[in-house]
Structure formats: structure tokens, C-alpha cells
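Please put together the full structure from these sequences, using the hints given.
2 protein chains.
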Amino acid sequence: MHVDVIGTIAEATTDDLLHRTVIVIDALRATSTLTTALAYGASGVVPVETVQQAKQLQQPGDLLGGERACKKIPGFDLGNSPSEYRADIVQGRRVVMTTTNGTRGIQKAQRASRVLAGSFLNARACAAAAAELQRDIAIICAGTQDVFSWEDGLCAGLIADELLRLQPVELNDLGLALLAGYRYEQKDLAAALLATSNGRRLSRIGFRDDVLFCAQCNVYDIVPMLHEGVLVPLGKIPPHRP
Amino acid sequence: MHVDVIGTIAEATTDDLLHRTVIVIDALRATSTLTTALAYGASGVVPVETVQQAKQLQQPGDLLGGERACKKIPGFDLGNSPSEYRADIVQGRRVVMTTTNGTRGIQKAQRASRVLAGSFLNARACAAAAAELQRDIAIICAGTQDVFSWEDGLCAGLIADELLRLQPVELNDLGLALLAGYRYEQKDLAAALLATSNGRRLSRIGFRDDVLFCAQCNVYDIVPMLHEGVLVPLGKIPPHRP
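Protein chains in written order, with my numbering: chain A, 1 to 242; chain B, 1 to 242.
No wet-lab data here; the hints were simulated from the structure.
Warning: the hint list may mix true and false statements.
Stated by the list, open to error - Across the chosen pairs, the derived CB separations fall in these ranges: (1) T14(B) x R135(A): 58 to 64 Å; (2) E228(A) x K55(B): 56 to 62 Å; (3) L18(B) x Q110(A): 35 to 41 Å; (4) D146(B) x C217(A): 31 to 37 Å; (5) H2(A) x Q56(B): 39 to 45 Å; (6) E170(B) x Q110(A): 35 to 41 Å; (7) D146(B) x K187(A): 33 to 39 Å; (8) G61(A) x D188(B): 56 to 62 Å; (9) I205(A) x E49(B): 44 to 50 Å; (10) L212(B) x I205(A): 46 to 52 Å; (11) V147(B) x K187(A): 27 to 33 Å.
Where a beta carbon is used, it is the ideal one built from N, C-alpha and C, also for glycine.
Shown next as C-alpha cells:
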């Protein structure tokens, strides 16, 4: 099984997506947050690119979530902090979500055979789900406005490491680099995340606890998978028809 | 001092170059080979993009060197293997050189304040020279046809490590990733290089010894620096006029 890691959304080509399982990572914070929403009982997360699209797609009962410049969007119910997505708020409700990088990455990946959302929080479950789908895998690091983000790369390294525990895989060169980098940093991922550009920025504006939360490995078994435009927990969608 | 590592030549923007010291790395094999040529007494290396340009720029006494698809170009004196650049062949002569990635990277970097060529063979000397120039630094991994190459990333990590021994530096996220990856692999760089895409390809076509040669750290004090279109050893050019 080939596993190619791609450094930013912009670099992902159609060839990287077609007939593959794609794992999109925006570890700080979109994919961590939307996985948390599903873990606490949200019925689905609708990833959209713009604030206007979010408002247009909102149905009665839906929550609006997301960020611009790391902050909650005026008029939205929720920001992009996993701590906001509590069971008493999201249980049984759909969240329409727009973020600067992560939801855009998921949108772009829609041509793939299957699209999963990965983070430190669900890395092992995500690797197991991708392995089970038995196709070549592309791991897309969302990055930040088309620049590589180390937190996404670290998470890609962790997912590659989990995949290697399950079966032989052939990694592309960026995958080899990020696997090695992850293994060097794995003893203190919180420190590594706080040292990244986004980790420093989030700490500066009051979201240090989010960085620490997102640095936890394998706390959820939930794997968000895109199904008809909505991210739902993997077990809850009908089997794929070839 | 800011140190930004850039993953491929294609990604380098004018902003990455202007007013900076640029270090171009094509560890397998162009920058290793041209540094070897200078270490064994070549008077200069002229990096050019095309075979035709190489032939046009050749002056009496000049050698033609380089590769296409990893192999020597028909009619050229030398290929892209460091072992060919022996003292009895290159001493006192200029080499006009064209390779698929490395010499193109050096060409593109010409807008920088200073352009150096880095490899494992001269990493420490290269870091020291760049630190002494006292400008922000961009380390450009040449990559392979606009795709990231791990051997160049490993070398960028090594040079970042050497820079950090000399002074405080602020690394961009790719720099942090490659520094961590280098530190994980540093105990057996030869194995790491043999596992890269280019390492495997070169081994397959008979150049395994080149990969092992290029994996040696800090064996030369030579730092190739671009001066009026020619790479010459750093000590041999007149001081920079501001």
C-alpha cells in the first residue's frame, strides 16, 4: 500500500485523490474540533468554504461553527475551539462549519474514493479505518494559507506510524521525513505543538489550552468520514457501493 | 536570525530570496559533486540550465559535466558522480555543469544577496559561512522535478542544527520538521539516504557508492558561493560591496 503525504492543500493534485482514501489533517484545530463534536454526539458536520455557504446550508436545529483569523465568526453559535463542543450543546444536532484551512481541505478532497478527517485525537482509529478500506492513501496536511504547518506534519507522521503497525506501507519522501520528525518529538508532543507557528499564535491569543487538548493522542475511536457532503462517524454510514 | 526552509525550487518566491543568504541543497548529487570538484582544485563551476547553454558557455580548457536522467550527457567530459571529479582531471579547470534539479535551483536563487551550495559534505562550513553573512537565511531543498526529496530535507535539518550551535535562530515550520527528522536519523544517515526515492533509484542503476559518499558529514571546509555566475570557493572572492 502506497501512502503519500502532501504538505499543503494547494499541492494536492487530482491524481493524489482519485481512487484513494484521503485523510485530511488540520490538527490546530478544525479536524480536532469536528471530531470532538462527533464524539460528543453531534449527528454530523457539514464542512463548507464560506460564511455565506454556512448560512445558506443551515437548517432548523443546525448549529453554525467555525472561525476566521482563529476567532468565532459574528452570529455563529460556536467557534473553532474543541472545548465549546460539549454534549449538552451538540448532542443530536448537525453543525455547519467553516474554517480557514481544514474545511477547505475536506472540500477539495471530495473527489477521493473516501475522505476521512484525522487528528492526534483519533490517529489510531483513523489509520485502522484507512487500512481497512484497502486503497492507496493520501494524507493531506491542511497547512495554513498554503504554507506547511508542522502540527499537521507531526500528525501525519503519527498516522504513518500507526499504519506501519498494521501492515507494510511504502511512504513517499515527505512521509519518510514526517515519520522521522514525529518519532523524534513523540515523547513531548505538547511542547512540539506549542513551538509551531500556529501553536505560538494560538497561545498568544488565549487558546493555549486548545493546543494542549489537541496534542493528546488516540483519545477517540471516532473517524469522521465524508458521506454526501456531511462528515459522520464511520460506523454510521451505509457500506460503500463499488 | 530567521531561517526558512523551502521544500522545492518551485515553491521559492522572490520574497524568500531578496536580501537573504540562500543555501541551495541537491544532496544527491549536484551540490555534493560540485563541492567535490572545487575541493579537488577546480577553479570554478558554472551552473547552467540546459545542455545547449553548457556547450555555448564552454571556453577552451573548460570541462563539461552533468546529467540527464541520472546519466552522463553524450559528448560531456564528466557525469554527476563525485568520484569522477578527481584532482588529476579538474585541477585548475573550470567546469560548466547542468543537472536536472540542482543547477536549476542555483540559477533561480540568483536574486538572493548571496547564494551558497550546501551538502552533507560541507554542512558545517556552509552554516558557518551563512551565519557570518548576518542576513536571514533561506535554505532551498532542490527536490526532484518539483517534488520534495528527503535527502535534501535531511541536509537542511543538519545545516539548521549546525546554525543553532552558532547562534539563536528562528526556524519556520518546515525547518522545525526537518530538524527533528534529521535528529532522528542522524545516527545512520547512509541508511536514511538509501531509503529515499532518489537513494533507491541511484542504487538500482549502479550509483550506490555515490549515495554512501554523499552521506558523509563535514568532510570539506569548502563553501561554493555564486560570484558573477560562477560558483567559487568562498575565500576566493572579493568582499561583498553593499
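The hints, checked one at a time:
no. : hint                          : verdict
1   : T14(B) x R135(A): 58 to 64 Å  : violated (40 Å)
2   : E228(A) x K55(B): 56 to 62 Å  : holds (59 Å)
3   : L18(B) x Q110(A): 35 to 41 Å  : holds (38 Å)
4   : D146(B) x C217(A): 31 to 37 Å : holds (33 Å)
5   : H2(A) x Q56(B): 39 to 45 Å    : holds (42 Å)
6   : E170(B) x Q110(A): 35 to 41 Å : holds (37 Å)
7   : D146(B) x K187(A): 33 to 39 Å : holds (34 Å)
8   : G61(A) x D188(B): 56 to 62 Å  : holds (57 Å)
9   : I205(A) x E49(B): 44 to 50 Å  : holds (45 Å)
10  : L212(B) x I205(A): 46 to 52 Å : holds (49 Å)
11  : V147(B) x K187(A): 27 to 33 Å : holds (31 Å)
Hint 1 from the earlier list is the only one contradicted by this structure; the remaining hints agree with it.
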